[in-house]
Amino acid sequence: MSTTTTSITSANISMSPRMRVAMIGISLVAIMSVTRLWTGFDNLTSSGTIGAALRLTVPIMLAGLAGLWAERVGILNIGIEGMMILGTWFGAFGAWKYGPWIGFLLAILGGSLGGLIHAVATIRFNIDQVISGVVMNLLAFFGVRYLSELVFVGQPQGGISQSPPQSFAIPKIDVPFLAGGPVGSSTTPDALGWLEERGWFIIGDLSGMTRGLMSGLSLASLIALLLVPLSAWVLWRTSFGLRLRSSGEAPEAAESLGVNVIRVRYIGLLISGGFAGLGGGFLSIISSSYYRQGQTAGRGFIGLATMIFGNWRPSGILGGAAVFGYSEGIKLVAGGSITGLFLFILIVSAIIGLISLLQRNIKRGSTAIGIGVIALIAYLTVTEVPESLTQSLPYVITLVVLATASQRLRPPAKAGVPYRPGGGH
Amino acid sequence: MSDTAVAPSGPLGKILTPSRASGLRTSGTTLASSLIAVLIALAISALMLFITGKDPVAAFTTMIDTAKNSDKLLEMMRRATPLIFSATAVAIGFKMNIFNIGVEGQYLFAALMAAEAGSHLSLPGPLHVAAILAVALISGAAWAGISAYLKVRKNVHEVISTIMLNYIALSFIQWIFNSFFRDDSVEGLNVKTTIIAESGWLPDIVEGRLNSMFIIALIVVAIFWVVVYRSRFGFKLRASGYNATAASTAGISATKMTVIALLLSGAVAGLVAMQSVLGETHAYGPSATPIQLGFAGITVALLGRNHPVGIVVAALLFGFLDSTSAQLQLAEVPNSIVKVMQAIIVLTVVIVNEAAVRRANVRTAERARAELAAGGAA
Amino acid sequence: MSSTLAVELRGIGKRFPGVIANYDVDLNVRSGTIHAVVGENGAGKSTLMKTLYGMQEPDSGTISVQGSERRFKSPSDAISAGIGMVHQHFMLADNLTVLENIILGSEPGRRGVIDMKQARSRVEEIMSLISSELDPDMPVSELGVGERQRVEIIKVLYRGARILILDEPTAVLVPEEVDELFATLNTLVSEGATVIFISHKLDEVLQVSDDITVMRQGTTVAETTPQQIDRSGLAELMVGSELPSPAGRTSTIGDNVRLAVNGLTVAGVEGRPAVDNASLTVRAGEIVGIAGVEGNGQYELCAALLGLLASKGTVAVDGKDLTKASTRQRHDAGLAYIPFDRHREGLMLNAPLWENTLLGREDEEQFSRGPLVDAASIRSYTVDIIERFGVLTPDESTPAFALSGGNQQKLIVGRTLTTNPGVLVAAHPTRGIDVGAQAAVWDEIRRARDNGMAVLLVSADLEELLGLSDTIAVMFDGQITATLNPDDVTASELGSYMTGAHKEVTS
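Those protein sequence lines, which keep their order, are chains U, X and E.
Residue numbering for the first sequence follows the numbering used here, starting at 1 and increasing by one per position.
Residue numbering for the second sequence follows the numbering used here, starting at 1001 and increasing by one per position.
Residue numbering for the third sequence follows the numbering used here, starting at 2001 and increasing by one per position.
Note that these hints are calculated values from the structure, not bench results.
Among the clues, some could well be false.
Unchecked claim - Just the calculated beta-carbon pair ranges, DEER-fashion:
1. X:S1185 - U:R20: 56 to 64 angstroms
2. X:T1026 - E:G2146: 17 to 25 angstroms
3. E:R2447 - U:P418: 39 to 47 angstroms
4. E:T2314 - U:F125: 34 to 42 angstroms
5. U:F125 - E:R2015: 58 to 66 angstroms
6. U:V373 - E:N2420: 34 to 42 angstroms
7. E:T2004 - X:T1026: 38 to 46 angstroms
8. E:Q2329 - X:A1134: 54 to 62 angstroms
Claimed, not checked - Some residues of chain E that are not near chain U, with every Cβ distance over 10 angstroms (derived):
9. S2031
10. G2061
11. Q2066
12. S2074
13. S2076
14. N2095
15. L2104
16. G2112
17. V2113
18. K2155
19. F2182
20. F2401
21. T2471
This one's a predicted model, so the numbers in the text were calculated from it and none came from an experiment.
Glycine residues also receive a C-beta, built at the ideal position from the N, C-alpha and C atoms.
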């Protein structure tokens, strides 16, 4: 792989992309640690926050993967939101009637059904992919209302916009020794918890963050997370994955080599719908225990955003989703700690600004400093961010990231371009 | 030249010139395929009702009965009014291949701003109304302007930015309303902004049933038609939609067109809730101002094929369908079937239309080749 | 070489709606030879090869490979018969690596998992066979044109092709790369492979092939060898009559400079400029031709002149500095453009012809009534263009997609020339236009030139370039590397300047 050279003042340091990401990660944790110690908001890196963040990350990540599988095959899937809605409904229905695992199965099937409709409309009938996606969303939104009216109305606590609650739950895991999980019938020490309580610089934060991933971990979350490396492996290491990617990069070339591009695209959209459905199911089975209208709250679109600034790679999608999950987790667990985030942003922008100016990148430097000043003002003056505004946080973040990141991205070459087989030129 | 080879002879030939003939052929194809699609959609909906154990016959007869009620026809026009504005806003964007999904956020923001501004003004009748409309137009355009900026300067696709801005608008509006604009002097759950003085009310055409906003909607659609299909600006707009690269090569600035299209689209979007603000509740409020009209507008625009006449017809159709929901409830048919039917109709129409247009294009090309081979042109 | 036939086509026919692409085609390709199929644009060569490669089924006729009759329902069938095709427009996925592009569709491995090691070793084996040194893990987007063609050849060999079809392989290569390609082909043939290649470049065909089949208007008209025929004989077979010869000129070039370009630089990819410090002048009544292999900055040069790409340096038309002007302003100053790609840059395919004529001119007084468009006036204007330039169309309301490529081009030329531009930037203005109409277009351009129009002509058609230009500037790698006199220079001399082998100090 190629190496990137990062110059810090006059020193030339060249590192591989993996090392670079690790360095940035550690730096961010360090800065967060400083913020925590300064503000006293222990929740910024607590296991509680991270645990909540994980639960909030998973649906967005699954939505992002749904977008990935579709666009990698060359089809824009704006209808992820709708397929997630189908997932929430069918998931809740299945979980209420038969239990959570059946619920997930039905959620995946429901999402795939949406994927199939989108596929037929765009592949067989060649409708504009964006239009098809938008209509999918409306169809799903109203479709589940109709279904609710048939099935949930008259049930206890059920109605046209809500399902009855589920009684069974999926087991949660606590990792033994590190997070106090049981081995057999005896409890084990909670090593990370102990470290977290000490609150030492960086170590305390890392412990808290790791413990958040290891205690109260839902089995479903674990499986969902495994889908990330699984997707990467399938896409880059198997014949199926190579043919899938080629259908989105150069369908004529793939066709000329005997790949059935049409069939591959159908499969890709079914998988995409399945992922979206799974994400929806997660919302109505794990994040809550019933279906509620509007549960998806735009996560389908946020997932698309993570796909874009994750550069159409599963690892990038996980990273992007984690940012959203974290911001929502903070809001949920410790609303007041949000002002601590201002300090975090202040420190990060100050550092980026200084480095940029030293590198003579005036534009980036002054923008960073500008953001830092705004963050400073916000930190000093704002004591409480109104609820209605924090609601818009994920959407604002999406816009900001999309606005700043469009440059260095590599979408699949023919994503969104309609394809007719046997065409060539 | 070759007019003689193709056109019928005599006086009919003068009226039915080849260009008019081909134009009629296109409209005819669209109309026919849309009708077929609607029938297919109704069949699918009937099937859906049947499968889920409901009575499709009861549903359709209820709907037809509703049509016989003249009061209901007025309600159809009343419901159609905001849909016409919403669809026109979306269609302006579509003409340039720009997807303005953000009509929802734009019109709610405009409604809030216009209602609040209107409540502070005291001007003679027509001026007061005009001022309120102006605020609505500007606010809608401003909110759309954010997406325009993001698209043109930061390369953010308008589909995602307008959708994000919808959610952001909801939060933002809620915050502003609750913090500054809410009129707490009035008791009750139905909180609103301060009611606008009577000089800022738009009179009804049929008292209590249909507001003059309906006429304004028709006027706006007519202006849309003239501007888009007859004006120089409209030509530039459509040219950018046909082929943006060719248009910019010919000197039409894609950037300028994008911004203007989005601003105009947002401005028209701003009028969506004006029937409510000027003619019904005379204020903005979370329960007082209707929601979901932005998305409904997208379906109406798609159904109406982005054409002024199509939009009005589609809006009336959807307005009619919406007005049947109360009766359906009484006939024990789940009335959410109405919205599902609308979505199915749109999807079917789009699909059938696409196929029909494609086949028509092939036939046009073949006809052209045939006419030339038959020894026509110089 | 042997006398057994690797490929034998008998009576192949293929028609498309409204067009007969092939009829009664016979082809005999001996094993172990390089067999050229020559013909003009539209002679049916590409269609024939697509049939042989299984991309479409013939309506009539038989295909025999190594003596046994075959039916190909898809490229996979052809591939398993040992046939491989290297397309004219490369079928490569830019964002995938060289290795991935090669193994796509035939990945080695078990149960769906790709065996990367096996793939790599097999590919490297083939690369050494044809002495190619490509990095298998490099994304194709970073490869040059000749290297990409190499990947296409490896792709074909990887699948065990013994019969290679190459469609216009030298169209995008510089002479150096052409020699490399021919060396590779000879190596393959000495190893027992058979090569069929399509070309309209007669010199190359005579240089490298063992047998030649000539096609004209959909069928085969002759089978011959380089020993039996010469260049003009081949040309005559291809066209059926003699080519039009370039006419001389009677008017003189004016003194005033109409187009002045100074130090024009346009940014390209990866830090290398697409146009590098180019300067040229065109005077009234003068035609300056830009020669060069496609992809050496010609498009970027033209686009920068039109204000479609950002650039450094200065551009002036009739003395007026247009460096900071918008495209619209440049049009208003008298600059006009016949684009490289008529579908992408020139036409609104779904719109009627009259709207295509109006494009860019909607603000002119003659076509507008206040803020509205005067449809009647633009329609009759379009009818005039249709008549004058011989655009074959039922009427002016016909959508542009319904016209053939040549007629679309005629409309574009017509609508551009009738604006009476001061400076015309024309990129292969007669591409796709049949020979007879080509001469008519050249006459129109000459007539406008005689009236004082200045022309900057970019063309890969050397007949056109040499026939029309008063001066020829050669572009290579974004730079203007030579200025030549068309009366003195020969085609091969021009070719070597085009590869950058000689760099002459410009006058």
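Hint-by-hint comparison with the structure:
1. X:S1185 - U:R20: 56 to 64 angstroms: Holds, at about 60 angstroms.
2. X:T1026 - E:G2146: 17 to 25 angstroms: violated (48 angstroms)
3. E:R2447 - U:P418: 39 to 47 angstroms: Check passed, 43 angstroms falls within 39 to 47 angstroms.
4. E:T2314 - U:F125: 34 to 42 angstroms: violated (52 angstroms)
5. U:F125 - E:R2015: 58 to 66 angstroms: Cβ of U:F125 to Cβ of E:R2015: about 27 angstroms, so the range 58 to 66 angstroms is violated.
6. U:V373 - E:N2420: 34 to 42 angstroms: violated (57 angstroms)
7. E:T2004 - X:T1026: 38 to 46 angstroms: Once the Cβ atoms are compared, 57 angstroms apart, the range 38 to 46 angstroms for X:T1026 and E:T2004 is violated.
8. E:Q2329 - X:A1134: 54 to 62 angstroms: violated (34 angstroms)
9. S2031: For E:S2031, whose nearest Cβ neighbour in chain U is about 25 angstroms away, the distance exceeds 10 angstroms, so it holds.
10. G2061: Its Cβ never comes within 10 angstroms of chain U, the nearest being 20 angstroms, so this holds.
11. Q2066: Since the minimum Cβ distance to chain U is about 21 angstroms, E:Q2066 lies beyond 10 angstroms and the statement holds.
12. S2074: violated (7 angstroms)
13. S2076: Contrary to the label, E:S2076 does not stay out of reach of chain U, its closest Cβ about 4 angstroms off (not over 10 angstroms).
14. N2095: Nearest chain U Cβ is 5 angstroms from E:N2095, so the label is violated.
15. L2104: violated (5 angstroms)
16. G2112: Non-interface label on E:G2112 violated, nearest chain U Cβ at 5 angstroms vs cutoff 10 angstroms.
17. V2113: violated (6 angstroms)
18. K2155: Per Cβ check, E:K2155 is inside 10 angstroms of chain U; nearest 8 angstroms; violated.
19. F2182: The claim holds: E:F2182 sits with its nearest Cβ about 24 angstroms from chain U, beyond 10 angstroms.
20. F2401: Holds: least Cβ distance 14 angstroms, greater than 10 angstroms.
21. T2471: It holds; E:T2471 is separated from chain U by about 35 angstroms at its closest Cβ, greater than 10 angstroms.
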